[in-house]
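One line per chain: the protein sequences are A and B, in this order.
Numbered by our numbering, the letters in the first sequence go through residues 1 to 159 in order.
Numbered by our numbering, the letters in the second sequence go through residues 1 to 159 in order.
Accuracy of the hints is not assured; some may be wrong.
Claimed, not checked - What follows is a set of in silico ranges between Cβ atoms, one per label pair, in the way DEER data are often shown: (1) Ser5(A) <-> Ala67(B): 18 to 26 Å; (2) Glu127(A) <-> Asp152(B): 36 to 44 Å; (3) Lys2(B) <-> Tyr108(A): 19 to 27 Å; (4) Ala112(B) <-> Glu127(A): 49 to 57 Å; (5) Asn4(B) <-> Asn4(A): 55 to 63 Å; (6) Thr134(B) <-> Ser5(A): 16 to 24 Å; (7) Ala111(B) <-> Ala125(A): 30 to 38 Å; (8) Ala68(A) <-> Asn4(B): 22 to 30 Å; (9) Gly114(B) <-> Arg8(A): 37 to 45 Å.
To be verified - Straight-line alpha carbon distances no greater than 27 Å define the calculated DSSO-like cross-link-like pairs of lysine-lysine that follow: (10) Lys99(B) <-> Lys2(B); (11) Lys140(A) <-> Lys130(A); (12) Lys99(A) <-> Lys130(B); (13) Lys23(A) <-> Lys140(B); (14) Lys9(B) <-> Lys9(A); (15) Lys156(B) <-> Lys99(B); (16) Lys130(A) <-> Lys2(B); (17) Lys140(B) <-> Lys99(A); (18) Lys156(A) <-> Lys140(B); (19) Lys99(B) <-> Lys9(B); (20) Lys9(B) <-> Lys23(B); (21) Lys156(B) <-> Lys23(A); (22) Lys130(B) <-> Lys156(B); (23) Lys23(A) <-> Lys2(A); (24) Lys130(A) <-> Lys99(B); (25) Lys156(A) <-> Lys140(A); (26) Lys156(B) <-> Lys140(A); (27) Lys140(B) <-> Lys130(B); (28) Lys99(A) <-> Lys9(A); (29) Lys130(B) <-> Lys140(A); (30) Lys2(A) <-> Lys99(B).
Treat the hints as calculated values from the structure; they're not laboratory data.
Even glycine gets a Cβ: it sits at the ideal position worked out from N, Cα and C.
There are 2 protein chains.
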Amino acid sequence: MKLNSEDRKFLTLAIETATNNIKDRGGPFGAVVVSQGRIISHAGNRVVADHDPTAHAEVEAIRMASAAMGTHDLSSCVIYSSCEPCPMCLGAIYWAGIKRIVYASDRYQAAASGFNDEMIYMELALEREKRSLTMDHGMKDEGDGVFRQWNDFPGKVLY
Amino acid sequence: MKLNSEDRKFLTLAIETATNNIKDRGGPFGAVVVSQGRIISHAGNRVVADHDPTAHAEVEAIRMASAAMGTHDLSSCVIYSSCEPCPMCLGAIYWAGIKRIVYASDRYQAAASGFNDEMIYMELALEREKRSLTMDHGMKDEGDGVFRQWNDFPGKVLY
Chain A
1 MKLNSEDRKF
11 LTLAIETATN
21 NIKDRGGPFG
31 AVVVSQGRII
41 SHAGNRVVAD
51 HDPTAHAEVE
61 AIRMASAAMG
71 THDLSSCVIY
81 SSCEPCPMCL
91 GAIYWAGIKR
101 IVYASDRYQA
111 AASGFNDEMI
121 YMELALEREK
131 RSLTMDHGMK
141 DEGDGVFRQW
151 NDFPGKVLY
Chain B
1 MKLNSEDRKF
11 LTLAIETATN
21 NIKDRGGPFG
31 AVVVSQGRII
41 SHAGNRVVAD
51 HDPTAHAEVE
61 AIRMASAAMG
71 THDLSSCVIY
81 SSCEPCPMCL
91 GAIYWAGIKR
101 IVYASDRYQA
111 AASGFNDEMI
121 YMELALEREK
131 RSLTMDHGMK
141 DEGDGVFRQW
151 NDFPGKVLY
């Protein structure tokens, strides 16, 4: 789908947020969450400034929007990002129920500036045993037991 | 690698955290971050309770550990999780620089209880155009311009 003038307005804000964030001790990324034409949140990457490796622009904007809307369900929202999301952010977008993202730069450009997005995409596509991350597992029956308790729990809320 | 007695101790805490979390309005997931044999943080899934779709157990435990250690770099840490991480959490683990995860249950068991981990793994493996999420892009030159400014910025901190 081609970007319309509203898309370009919100994507411009995401890019401006990224640019301003550089001077504010943040990484060069910005994101905006919009619901029904209204800006709910905008945020830059705060990984280094906030000592939080999860504080990417998209995650920050999603957290703020969820808090503002009082729900984990952002299925009415579109997210605009200055750059293609990394796998963590893409996962967050799916979990938030967001149905559309509009982005400007991409993972290859991010990689050229020293960001690991493309490496993480490649790692996730590998078999577990071939990843650089060591993934050990055990106590499966005990772990499965948590889900048995969950299935039997009358107060559970699915999401 | 097989789990040793210390691994089993920390993994048991992750499972207990998940179990206790069910009764505390959380999802059936728990995670523990350990550095050099010392527990830095443990957390359950708080998505529904905290109105935050990113508040998975691993992300919460990573955020708490980073705050406690005053750095986004958790490369000295191991993470223990009651369940195999979803793509968002796996991405967060890579960004945190964590080198090893130990987990108990798995994504298929999570899917059997109604959690979308496996669906998101499959979505990420698809070509962009084939995903259920609409991904539009444009204004690439403006987006790339943020990285040009970043590359020229003397105060940048890579992570």
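What are the numbers of the hints that this structure violates, sorted from low to high?
-> 1, 3, 4, 7, 8, 14, 18, 22, 23, 26, 29 and 30
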